[in-house]
Amino acid sequence: MQLFHPTTVDEAIGLLACQDEARCLAGGQTLVAMLNLGLLDPPALVSLRKVAGLDRLTRHADGGVTMGATVTQAALAAADLPGALAVLSAAAQQVAHPAIRNFGTVGGALCHADPAADLPPAFVAADARMTAIGPDGERSLSAGDFFVDYLTTALTDGEILTEIRLPPPPTGSVGAYLKFARVDGDYATVSVAVTMTLENGVCRAARIVLGSCAARPLRLDAADAALAGTQLDTEAVARAGALLQEGADPLADMRGSAEYRRRIIPGLVARAVEAARARAEAPA
Amino acid sequence: MTGLPDAIGKRLPRRDAADKLAGAARYTDDLTRPGMLHAAIVGSPYPSARILAIDTAAARALPGVKTVLTSADLPDRRWGLFVYDETPLAAGVVRYVGEPVAAVAATDLATARAAAALIEVDYEELAPVLSIEEALKDGAIPVHPEFDGYEKRPDLGFERVNEIARQEFSEGDVEAAWGDCDVIVEGVYEVPSQSHVYLEPVSAIAEFDRAGKLTVWSANQSVYKVQATLARALDLPMARIRVATPAIGGAFGGKSGVTVQPLVAHLARAAGRPVRLTLTREEDFMAMRRRHPATVRVRTGAKADGTLIARDLEIVYDGGAYAEDSPAVLGFGLLMARGPYTIPHCRLRGRAVYTNRLRAAGFRGYGNPQVTFATESQIDELAGRLGIDPVELRLKNAVETGGRWIGGQTITSCGLKQCLTQARDAAGWTGKQRKSGAGAEANGKRRGIGVSAFAHICGLLGTSATVRLLEDGTVTLATGAVDLGQGAEAVLAQICAGALELDIGRINSAPVDSDAAPYNWSTGGSRVTYMAGRAVVQAAEAVRAQIARHAAELFECAPADIEIRPGGRAGIVGVPEKEIGFGEISLRAHYQSGGPIIGSGALVYDGQAFDTKEAIIRNYPFANIGTYVFGAHVVEVEVDTVTGKVEIVRAWMAHDVGRAINPTEVEGQIQGGFVQGAGYALLEELLWEDGQPINPSMMDYKVFGALDLPLDIHPIIVEDPEPSGPFGAKGIGEPPLVGAAPAIANAVADATGLRLRTLPMTPERVLDALDAAAIGGPEPPAPDRDPEPTPGA
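These protein sequence lines are chains S and H, in that order. Residues 1 to 284 in this note's numbering are what the first sequence lists, from first letter to last. Residues 1 to 793 in this note's numbering are what the second sequence lists, from first letter to last.
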């Protein structure tokens, strides 16, 4: 196996194009474990660790945020992001353990596209825009479109996720991430990422995204619509939870049966919504 | 603690701690030998199959491969602890998934693993035995068709196919006694297979010198057990085998016998070079050991006033593919099955059976956690039916010093009642205990509190120690007690310092190496402080006597007029200025008179034997095993009605340790045991599907970490000195695990009104039970406590 250390995105794309099945290496927290287990055996690794600028997290004056793909999960966890974007830090704080977050990158976690991981649902809830650069140039796609299937993204061969852009969070927006797992640091049995905008106690818009409940982060327009315009009363929240429960298609694994996961969705959704609302009501 | 030497009861720091914290401690896998080869194994993919052929040609042809072994290359020599049924590599048939079938030694690890992958084994699949039911049914397939031909020590009487052991402890007349009971409760309890999950996977290095002497470095709990088994496996005299012990990263019973040492020694012999084998975590999960899962059927009866009258208990342990410790685990479980109570009529019977799953073995608790989960759950069920407070019911029936254990041994020290009352009072039990079995709900969570009381033993078999006075009056202590990470070295050094009234800084502890260390049966059975500690005291007393003789000669007085003074001096009684330091005496002994001062101590557990006139004791492999230790846990839990997850909120674990030689170490054992027991209660279970292990990794098999349990878990040390113990001390290694699961289950019952009789109480199991109760399922569980108890009813 060859290991390359490009210093620019263009160079990295060039290297990826040279060899079929070559993989990008960022923090290595999942990739190296998979190599150790013999699950992957790529002919070459293209490290993004020396690519200039990819590890930058930039706050814009309008409240928007741009982060490079190799921003570490620890850096995101420590970033005090405004409004709805708090969902990102909250999710990053729950990724595995500190030692892993110190190396693991945001882009790596998103590109691995494990629906049980913490960052994918949070980035969908935050309505992130993903910037991909490949041999055919640059394109931008929504987080919702980025995740395609288990461990599968919309990136084409030779494309690299370089940057994630978060739109300025609306005034009155809040975010919360609720993770239910067997033990601290485990992958989620079920997780719920919520962002919403509240105005005088009325929910103007909401995005609820479930982790570990489908082949990709699960978001349903109908569930989000069930909250919009309500005061987040018990019935509305229960309706959203029931819709998500119905739309869920979870796997069965050591963390729980598919039936169990489906069963706990409404209760966890209610708690996540409540946690988000509590943030809105908390003194700034 | 007046009258105790300075070193006893002190929170002294451990000498291995600095190296371990700095990452400087060297474990077996950190060691290397000149010319050392690296080994890899090939495991069976089937739970039961005949090996038709093994093609090793491609593996042998790989550059760098020095040796490939299959059972055809090895002598036909089996070993075991009671039944000699094990071989280093599967011979003829495989009996569980992961069983080593072939092994490779090569110049580097990657080559060894690549070669292992090239070995082709041709199997004929056989029907496996995958459960206790399948093992015992009429016409069951024998896991070991050649069982009758195996050597057995002792032969414990086997009545059915797949029985590894069948034992009984009984007293009184159970059948007649049911009529005297006002309340009888009955239940079936299922306990899971827990993995040891020691931090350090199994590892061993073997090397032969040119004179043919074998040295093995390995993680082990007894250099002597390893030495004895290697002697048998390799047909070598024990005198030609040295077993050494690098730092050990935990064992919990999983390294108490041999692990891979015989296989590595065979590889080293065949290759003519040193060989190291370290199992991957997955291999370790699949091919080493586990706790016996079991089914326990219990019936207990009491008078209306709470007096326990009768118990009938039947347990079947799944021993897996090889017998290992199963006969002793079974017997010990039965010895604990009456619980720490006086119950005049008991019939306690059990079996251990072979199945085509990983072998089960000793694991912190040794058969006791299985039994005690069932019996202590049932005591709470009884308390509920009787309308008696669960702590009061236990206190009413608790054994005391001078009382009698089942089998007839007299209890020589017993702090059980203090454990119960201290844990209860620390927890503020009275105010919190609810009557309805439906804890108040807040934010979808219900609180509950539960208690358990339990016993264990410390003792067992032989041990020895030497204490040598160095020329400057400092001391080298040698024992055979391997330190698994629990702190044996520190505690034994403190006992030595105490017995000689020396500062701990003057005690050196020798490494445990079979070439030099005095014999010790094992670091296991919660026995090192008690048994090795006694040997250390004996050895120190022998040194004191020699010092006194020298001092008497120097001062020209009778040895009886000499006293040993704190700080390493000997003087004449009543004459403070007449004294001499240990250093001067040691110099005299080394260079002038008498020879170097060495004291030794040696014993085999010498407590009272079972009384076979008063009790029916069938097929039990020991005549006595130890002195009894006691504990009580109180646990407060929160049950999440949304997810079913049980969170431990607070816990108080009171343990009678006779005397805490080092309270910090005792507290560490109590907290560690409780956390491992909480994992047994709530989280951990090795699982198989069609004989295939489905969670043999730390990704899928989880254990509790520091962030999963609250800081509010409080050890409480109770000291009721044991007359035979060193400074009154008894053991503590295992008991803290034993009490955790039943106390947690009883707290869950208090919170929810639901009695969960299957471990682990995973969120899914708890939610199933909550949902079943909510919709009035087919079998609504009986309430834990009668809402309106009728005293005397």
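Keep in mind that the hints were calculated from the coordinates and are not lab data. Treat the numbers as computed from the prediction; the structure is a model and nothing was measured. It is possible that part of the hints are untrue.
To be verified - Partial selection, computed: residues in chain H whose CB lies under 7 Å from chain S:
| id | residue |
| --- | --- |
| 1 | Asn619 |
| 2 | Val642 |
| 3 | Gln692 |
| 4 | Lys702 |
| 5 | Leu707 |
| 6 | Asp708 |
| 7 | Glu764 |
Even glycine gets a Cβ: it sits at the ideal position worked out from N, Cα and C.
Results for each hint:
Interface hint status for H/Asn619: violated, as the beta-carbon distance to the closest one in chain S is roughly 38 Å, over 7 Å. Checking H/Val642 against chain S by beta carbon gives a least distance of about 3 Å; that is within 7 Å, so the hint holds. Interface restraint check: H/Gln692 against chain S, minimum CB-CB distance 14 Å, threshold 7 Å, status violated. With its C-beta approaching chain S no nearer than about 5 Å, H/Lys702 sits inside the 7 Å limit, and its interface hint holds.
Hint status for H/Leu707 relative to chain S: holds, with the closest Cβ pair at about 4 Å, below 7 Å. The criterion of a C-beta within 7 Å of any C-beta in chain S is met by H/Asp708, whose closest approach is roughly 5 Å, and the hint holds. The closest approach between the C-beta of H/Glu764 and any C-beta of chain S is roughly 4 Å, which is under the 7 Å cut-off, so the hint is satisfied.
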